[in-house]
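Work out the full structure, taking the sequences as your base and the hints as a guide.
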Amino acid sequence: QVQLQESGPGLVKPSQTLSLTCTVSGGSISSDGHYWSWIRQHPGKGLEWIGYIYYSGSTYYNPSLKSRLTISVDTSNSQFSLKLTSVTAADSAVYFCARRSQSILSYLDVWGQGTTVTVSS
Amino acid sequence: DIQMTQSPSSLSASVGDRVTITCRASQSISSYLHWYQQKPGKAPKLLMFGTSSLQSGVPSRFSGSGSGTEFTLTISSLQPEDFATYYCQQSYSSALTFGGGTTVEIK
Chain A
973 QVQLQESGPG LVKPSQTLSL TCTVSGGSIS SDGHYWSWIR QHPGKGLEWI
1023 GYIYYSGSTY YNPSLKSRLT ISVDTSNSQF SLKLTSVTAA DSAVYFCARR
1073 SQSILSYLDV WGQGTTVTVS S
Chain B
6 DIQMTQSPSS LSASVGDRVT ITCRASQSIS SYLHWYQQKP GKAPKLLMFG
56 TSSLQSGVPS RFSGSGSGTE FTLTISSLQP EDFATYYCQQ SYSSALTFGG
106 GTTVEIK
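As you go down the protein sequences, you meet chains A and B in turn. Heads up: the first sequence begins at 973 in my numbering, then just goes up one per residue. Heads up: the second sequence begins at 6 in my numbering, then just goes up one per residue.
For the record, the hints were derived by calculation from the structure and aren't laboratory data. Don't be surprised by glycine CBs; every beta carbon is placed ideally from N, CA and C. One or more of the hints may lead you astray.
To be verified - Using C-beta positions, here's what the derived DEER-type ranges look like: (1) A:1093 / B:73: 45 to 51 Å; (2) B:8 / A:1093: 31 to 37 Å; (3) A:1036 / B:29: 18 to 24 Å; (4) B:19 / A:1044: 44 to 50 Å.
Stated by the list, open to error - Within a straight-line C-alpha distance of at most 25 Å, the following computed BS3-like cross-link-like pairs (lysine-lysine) qualify: (5) A:1017 / A:985; (6) A:1017 / B:50; (7) A:1055 / A:1038; (8) B:47 / A:1017.
Right, dumping it as structure tokens:
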């Protein structure tokens, strides 16, 4: 059973870089067809897809975040990471990592528990 | 981006009620529509994929239908554990987008 676990600082200062890591256990991050995703949820709001990465390093980003976003993968440690630069209070949210299924339907079938990030001085 | 609009944004219902949630897409998304359930403080959980396929372990009282731009999630007989927020999500576009959510509350 694949499990995902987010980790990273819970507090980031404005204008700095938000860095989070998702560790994949119980399965291979290099399995064919799975993309590894980041999603966030602002307090009391809905879900916003951030982007995803394939184990080969191929990425796709939300156009609204693309200029500040980097998602990378470390297959040797079964981890993928998110870096979001020049953060503001608007980036305060719960950040989830999730697995996008192998299916062409591309649903998100496994989720991490989420980690809360607050942007504040 | 493909915009996803859910209605209603919230509803109150009683145990045993039949509940229907609607999700509309700003353009045709074929059957690339999925539903998630989220309880407070928890991660979303996949309920249904490809419009009408139940994820493993999800009770059969949940069903989905639709195609193109209009989709529905139906709970045939609401149970206490079903009180939660439900989100639709499209994957027709590589830029995934979610609906705004529908909160099902106890009447």
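Hint by hint, here is what the structure shows:
Look at residue 1093 of chain A against residue 73 of chain B: about 48 Å separates their beta carbons, and that is inside 45 to 51 Å. The beta-carbon spacing between residue 8 of chain B and residue 1093 of chain A, approximately 34 Å, falls within the hinted interval of 31 to 37 Å. Taking 18 to 24 Å as the suggested C-beta distance range, the pair residue 1036 of chain A and residue 29 of chain B conforms, at roughly 21 Å. A hinted range of 44 to 50 Å holds for the C-beta pair residue 19 of chain B and residue 1044 of chain A, which are about 49 Å apart.
Taken as a hint, the residue 1017 of chain A and residue 985 of chain A pair is honoured in the structure, with Cα atoms around 22 Å apart against an allowance of 25 Å. Using a Cα cut-off of 25 Å, the hinted pair residue 1017 of chain A and residue 50 of chain B holds, with the two alpha carbons roughly 16 Å apart. With a CA separation close to 11 Å, the supplied pair residue 1055 of chain A and residue 1038 of chain A stays within the 25 Å bound. For the hint linking residue 47 of chain B to residue 1017 of chain A, the alpha-carbon distance of about 14 Å falls within 25 Å, and the restraint holds.
In summary, this structure violates none of the numbered hints.
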